[in-house]
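From these two lone chains plus the hints, build me the complex, please.
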Amino acid sequence: MPPRGFKGFSSGHRRDNVTAHRLRPATAIAAVTGRATAAPPPVAQRSRSPRRPLPSARDSPNKAYRQTACTPPLHCTLCGNVKSSGDVLAKTAAFDEMFGHAAAGDGNVRDAYRAIRDWLDASPHALMETRKAQAELFFRRIGITFAVYGDPDAAERLIPFDIVPRILHRAEWTTLEAGLRQRVGALNSFLADIYGPREILRAGLLPEALVLQNPGFCLPMIGHRPAHDIWCHIAGIDLVRTDAHEFYVLEDNARTPSGVSYMLENREVMLKLVPELFHAVKVAPVEIYPEALLETLQSVSPNVGTAPVVVLMTPGQHNSAFYEHSFLADKLGIELVEGSDLAVKDDVVYMRTTQGPQRVDVIYRRLDDAYLDPLCFRPDSTLGVPGLMAAYAAGNVTICNAPGTGVADDKAIYSYMPEIIEFYTGEKPILNNVPTWRCREPEALGYVLDHLAELVIKEVDGSGGYGMLVGPHAPAATIAAFAAKLRAHPEKFIAQPTLALSTCPTLCDSGIAPRHVDLRPFVLTGSAGITIVPGGLTRVALDPGSLVVNSSQGGGTKDTWVVDD
Amino acid sequence: MLSRTAGNLYWVGRYIERADFLSRLIEATLRLASLPQSHGGATNAWESALAAAWMTKAYKDRGLVVDEAGVIAFLTIDPANPSSIRRCVEAARANARAVRTALTLEAWEAINGAWLEMQKFGTRLVDREALATLLETVKAAMQSFDGAAHRTMLRGDAYWFIRLGSAIERADNTARVLDVKYHLLLPRGETVGGSLDYFQWTTILRTVSALTAYRWVYRESVKPWLVADLLILNSQIPRSLASCYGDVLRYLDLLANAAGGRRGPAHRLASAEHARLRGLRIDTIFTNGLHEFLGKFIAGNNRLGEAIAEQYLF
Chain A
-5 MPPRGFKGFS SGHRRDNVTA HRLRPATAIA AVTGRATAAP PPVAQRSRSP RRPLPSARDS
55 PNKAYRQTAC TPPLHCTLCG NVKSSGDVLA KTAAFDEMFG HAAAGDGNVR DAYRAIRDWL
115 DASPHALMET RKAQAELFFR RIGITFAVYG DPDAAERLIP FDIVPRILHR AEWTTLEAGL
175 RQRVGALNSF LADIYGPREI LRAGLLPEAL VLQNPGFCLP MIGHRPAHDI WCHIAGIDLV
235 RTDAHEFYVL EDNARTPSGV SYMLENREVM LKLVPELFHA VKVAPVEIYP EALLETLQSV
295 SPNVGTAPVV VLMTPGQHNS AFYEHSFLAD KLGIELVEGS DLAVKDDVVY MRTTQGPQRV
355 DVIYRRLDDA YLDPLCFRPD STLGVPGLMA AYAAGNVTIC NAPGTGVADD KAIYSYMPEI
415 IEFYTGEKPI LNNVPTWRCR EPEALGYVLD HLAELVIKEV DGSGGYGMLV GPHAPAATIA
475 AFAAKLRAHP EKFIAQPTLA LSTCPTLCDS GIAPRHVDLR PFVLTGSAGI TIVPGGLTRV
535 ALDPGSLVVN SSQGGGTKDT WVVDD
Chain B
1033 MLSRTAGNLY WVGRYIERAD FLSRLIEATL RLASLPQSHG GATNAWESAL AAAWMTKAYK
1093 DRGLVVDEAG VIAFLTIDPA NPSSIRRCVE AARANARAVR TALTLEAWEA INGAWLEMQK
1153 FGTRLVDREA LATLLETVKA AMQSFDGAAH RTMLRGDAYW FIRLGSAIER ADNTARVLDV
1213 KYHLLLPRGE TVGGSLDYFQ WTTILRTVSA LTAYRWVYRE SVKPWLVADL LILNSQIPRS
1273 LASCYGDVLR YLDLLANAAG GRRGPAHRLA SAEHARLRGL RIDTIFTNGL HEFLGKFIAG
1333 NNRLGEAIAE QYLF
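Just so you know, the protein sequences line up as chains A and B, in that order. Heads up: the first sequence at position 506 corresponds to 500 in the working numbering, and the numbers run straight through without jumps. Residues are numbered in the working numbering as their position in the second sequence, beginning at 1, plus a constant of 1032.
Okay, chain B solo, but in the shape it has when bound (with noise of 0.2 Å):
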């Protein structure tokens, strides 16, 4: 395959995840923001939003108001900002659209409706109501695509860069969301656990989709360790940092099978990743700081993310 074809599936994947990911964080933030105070609803929940999706000083920059409005326009139509839902979509397009070959008609198709969708949008959010039809029109669109994906492409490397890219992007994404909320929630010293905690954890959970899976693993109420327990080392839940470098793995394997077995620097990387995953206990990672923890595996995850380009000649 071509390297630059091979760059754009795995942008592909990235964006295709990070627009997701977006519109899950938008929705989460929706409900707790609707909150009462005395439940738990915090006035900084898209101050929050905002580092959680790490544009909080691309927003400052342009010396805008952190309130909903400003923030749901900046992270979902705003054709400025590089990372809003609309460029996620039109990056992952773009990409696309270059190595269109690659793609079958119905993983293209998915991609070209949701940027389709997208242009009726227009820049400007009319009300709540468009909000909710966008944030559902993205996820279902790109759920086409992973569905789309799945059942037509040939399982070989252009579907496995695109599962690269996406497992990647998910890490990332799973990595910052539970370490600025962590931040926010957990100042040193204070106790965990309070009850006004609850609905903020379970904001966490609601993005990823994953609060009916704590409750049928853990079978107690909502922990902040065991969110955390639950989102970094538990491999059954698809958004958790051991699961995705699993999926990581595999598709490096895969990609190095197929090329006749060799393994560059970008596999022995994850490798290595993805057995610390395996052998660490949650207390552990209590003990030696969490925010620690998800800043080196941050930071590690973007490593990964140049060693494979470099290693693929992106």
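The following block holds chain A by itself, in its conformation from the complex (with noise of 0.2 Å):
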């Protein structure tokens, strides 16, 4: 009898280890300043129904919170002493996006956050425990799951979900977004002019060295102009707040940011579990982002006249961010391909089906550049397609995001990010960045090398969390280790003061705590401009006072919910 018919699908299959591809969420590990003087703001007063008295503290879920809010988390204070351009900085508890900067004992609630506190009183803590629970056999069933480099224990782990939504006003949300329309501009035309004639650079704003020798500079994409002049179609900014009117822009992921395919499964798994909270507050939806995505990517196709064929390329299911890459295909309705599936004939891309080739019009492409085609990047990598970026550049295929647009989300460049923004928009910018060393320059090299053990120090091309260090949270022997890589290469950190995140109730073992939290909000670029969903991700440090936010690094997410008067 012959042997019977067998396909090994081994860990390994179609992935090697050289041309792993890292996913690139982007790193809050904030930085943290507090404004000094943090009277809590006034709120916009609103008519609402009277408040109901609180529960005694024996029923109440927020018993715990109230005592932990009331101390500042220890290592969010650090930055006593930090000079920074301008801002006064004090040690104060860091602002909750519940409570305020009042403590949180004496019953004032901002006004967003009424309906989720009288959730959370009406909602013993085993019930809130069960949903949890429910939240998570979901998520597991469903298959959303992330890998993480290097720990094999955990090679399909869940990014762990919390129940207790973040709130934004819809007047903090349009102010957000006026900001993100503004940047996301100013990154597009920025991305347009060192590709293209370099005004900038001649007009002396920034160092051309820090963009020309720069590591996410593509050489191939000079004096190349994508369809429609767009580089950045989708972008994701991670924003951190530190007060009721203060938010930062912590990191502008230019690259291929992750973490949609969070926003919309939290915002479905939230419409299950807690329906009767979508009647008690008015969300705004973020299930449009799939249709808006499509267009946009539809919008940018080099070929007028025929339906576009759009393809979403990802590096495989070994990549950590994989679920995202099939999830998203799905909701887009197109087909999910890897390099292999592609090939180029006469610098044409198409794709290999069971009726033969197919022409393919835009690649949404989820890895980084040096892997796109072995030909023009790196030649041991066989995660892309040989040709690919002849195509590109005969004008045949738009490839989004475009490839060289990593320059854009340097964190040395980033210090610029004002410079930028005003050289091209003519506008002050609306969000404000993280004051920021460059430790290239001697001066502040200096001053960063003294002040080790407060700062927040990074690499200008990293991500994910790796490679960086938390001065407060560091031993004196990795702080020592850490200078002696500052001192050897400088211009390859930056540094921050660390900022004191704000804080969102979040469901503990003990109940309801306060736990840092950031947002990345997802920016879209077609040729009929920019489309924000209202809402993003929003990331929760899990661990008391902890800072890291990174799902690779522990990490949680929560939904985010735009609301309405």
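Just so you know, the hints here were simulated from the structure itself, not pulled from any lab data. It is possible that part of the hints are untrue.
To be verified - Under the rule of at most 25 Å between Cα atoms (straight-line distance), these lysine to any residue pairs were calculated in the SDA-like manner:
1. Lys1152/B <-> Leu152/A
2. Lys266/A <-> Thr1136/B
3. Lys339/A <-> Ser1035/B
4. Lys266/A <-> Thr1184/B
5. Lys1171/B <-> Glu1252/B
6. Lys126/A <-> Gly1145/B
7. Lys126/A <-> Glu1138/B
8. Lys422/A <-> Asp223/A
9. Lys126/A <-> Ser504/A
Claimed, not checked - A few chain B residues that don't get close to chain A, going by computed Cβ distances all over 10 Å:
10. Arg1036
11. Pro1068
12. Val1097
13. Ala1105
14. Gly1154
15. Thr1155
16. Leu1157
17. Met1185
18. Tyr1250
19. Gly1278
20. Leu1281
21. Leu1286
Claimed, not checked - Below, a sample of chain B positions facing chain A; criterion: calculated Cβ distance under 7 Å:
22. Ala1038
23. Ala1130
24. Arg1132
25. Ala1291
Each residue gets a CB set at the ideal place from its N, CA and C atoms; glycine is no exception.
What follows is the structure, given as structure tokens:
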């Protein structure tokens, strides 16, 4: 008898370690400056039904919250004597999204959170735990997992989900949205400029070497004009909040930002778990994102006249964000392709289908520049498509985001963003930058070396919370070792003060307690302009006092609600 | 559809079918091995189970003794045996995950659920009860995948490639179990149909869930040539070779029609085999040798699998 047919599927299938691709969730260690005089600013008044009486401490899940929230988390407040561009810094407790700066026990709840507070008060801890377990079961069953590199046991891990939503009032969102539009518009102009006329360099606004010798600067893109001159079609901007009116941009993710699937799935889960809350609160929907994304991608097809064929290109199922890739391809109704599914003939990209080759117009790629085309970038990579860049240069296909956008999310370039925004828009930036020391500048380096224990030091091209130093948390030996690295290659690092990230009520073992959060809204740029879905991904640091929200470092996520009155 | 996607779906179908078959084989063998020898309880029951799963060599290469505990562990949860139920479920899931978008949520959940359940059993089975739970779980999960696919999937190439894989694998399994049993039970020259054989043959029918069907079709006691007739030529039984090839041909037709009617080499191989099965009578098969017939069929089935992969560029 002949042997039976067999198809092996080893874990090494279609993957080589050399070319393993790292997810780029932006880092959000924060740095924290609390603005000093933080009297809780007045919140918009609105008429509302009489508040429900506070339940007794015994049955209130908020009991633990009140206790912990009164004690400022120790290491958020270490910025006492940090010199930064004009900011007055002082030892204050972190801004809490529900209670503001008020002592949590005195019943002062910010307007946007009233319904949430009532809901928390009405839900015994056991019920909350049950809901949390249901949410986890849901995520596990549909396979929303996340891989952590270098940890075999965690090959497929859930990102912890917290069922207390994070609320943004419509007025807050409107400001954020305007700021995001302005910033991403400027980012696109900046990219078009530095790969084109380089006016900003001629104006001497930022050092030429910083741009042209940047590891993210992509030589083959010089002189190239992508369809509609759009470079960064999908951007994820990481924001942190330090006060009622104070948001900072922590990072711009202009390469292949991830996390949008969690924004969408978190909402799905919340709708299933707490439908009653959606009656009490009018939440802006996020489920239009896939459609907006598809329209954006279709709008930049280089081939007019034919229905554009859009594909999503993934490094494969061993990539940490593979779930998201398949999720998005599914929602958009487009093929999820790997490099080996594509081939280039006469500068045209085709995908191999059961009915023969089919032409591809737009590639939403979720792998880094270096792996796109072995003929142009890393020759040892098997993840990409030989000839892809030639087809791109010939204008036969659009790659989203364009290769070379990495230069815009470099952290040293980040420090110039206020100047960049003003240069291209003629307006003052709406969203703040975190004060940043560029270690390439000797004076800044000197200061940073003297204050390592107070600062957060990041690699200029790093991501995912890898390779950075959080001064206040680091043992002396680590700091010393980092100082040596810093002296050897100062140009590779920037430093920021440790910011007092806002906190948000979060379900913990002991009950509801404040945990630090950040926010990543997603900004889409197509030929018709910019689209931003109201909301984003809120990441939460689950350890008490921790400021690290990266999913690769054990952070969790929350649903983010933009609510109307 | 992407060729890689088609290939993965085809193998999802095959691995699901294989996991289901292994569970049934073990259940039937347990029943056989627990009978007293006077009633046909065979001491070589586990040997023949290994042979039917085509894993005798792999097992013996490990230097293991053929006994119940050893064979069961090897066929069910052994992570090192690439054809154990565990590995089939893992492979089905890995293939499904690679093409997650081609499946409906329900179909994916069934596979992912089976995989999650499988993790709970660890790498050792503690007792018979754990084994029974495992077999039930696998069978239920595989049926729930079939059901979910049937009820929720778009009738398009994704669905047809899964079904095509199932039909090819199913034909392979049926032919193998028939061949192995035939070989062990009927040494050349011995008369067929003694009472001892009864339980052995009903084991085969149990493996493919066709014992009751047999009675409805033939209304007489279990006879080897009728069992062979049922499992090879009767197109009413979903696991018979004729029935499987009817399916293969139907799905190939649907795929070809959707692609504008082009028919390739896989199509020609399948139609030829299907026509041959339809024209055959069981007497002819027995006259020419059942074993020879099945050997040829399995080889032809493998060739068809390769032709499909080639035609659709897997």
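query = Taking only the CA atoms, is the gap from Lys1152/B to Leu152/A under or equal to 25 Å?
reply = 17 Å, holds
message = Confirm or reject: Thr1155/B is not an interface residue toward chain A, with every Cβ-Cβ distance exceeding 10 Å.
response = Non-interface label on Thr1155/B holds, nearest chain A Cβ at 15 Å vs cutoff 10 Å.
request  = Classify the label on Ala1105/B as holds or violated, using whether its beta-carbon is more than 10 Å from each beta-carbon of chain A.
outcome  = Holds: least Cβ distance 20 Å, greater than 10 Å.
request  = Measuring Cβ to Cβ, find out whether Gly1154/B lies farther than 10 Å from everything in chain A.
outcome  = 15 Å, holds
ask   = Regarding the pair Lys126/A and Gly1145/B, is the alpha-carbon distance no greater than 25 Å?
value = Judged against 25 Å, a Cα distance of about 19 Å means the pair holds.
ask   = Quick one, are Lys126/A and Ser504/A close enough, alpha carbons at most 25 Å?
value = Given pair Lys126/A, Ser504/A holds - Cα atoms ~14 Å apart, limit 25 Å.
query = When you check the alpha-carbon spacing of Lys339/A and Ser1035/B, does it fall within 25 Å?
reply = With Cα atoms ~18 Å apart, Lys339/A and Ser1035/B stay inside 25 Å; holds.
Nearest-CB test (10 Å) between chain A and Tyr1250/B = 28 Å, holds
key: Hint consistency between Lys266/A and Thr1136/B [alpha-carbon to alpha-carbon, up to 25 Å]   = The hint holds at about 19 Å.
request  = Evaluate the condition: distance from the CB of Leu1157/B to the nearest CB of chain A exceeds 10 Å.
outcome  = 23 Å, holds
Restraint satisfaction for Arg1132/B [CB to CB of chain A, less than 7 Å] = At 4 Å from the nearest chain A Cβ, Arg1132/B passes the 7 Å test, so the hint holds.
query = Going by Cβ atoms only, is Ala1038/B closer than 7 Å to chain A?
reply = 5 Å, holds
Hints 5 and 10 from the list above are not met by this structure, while the remaining hints are.
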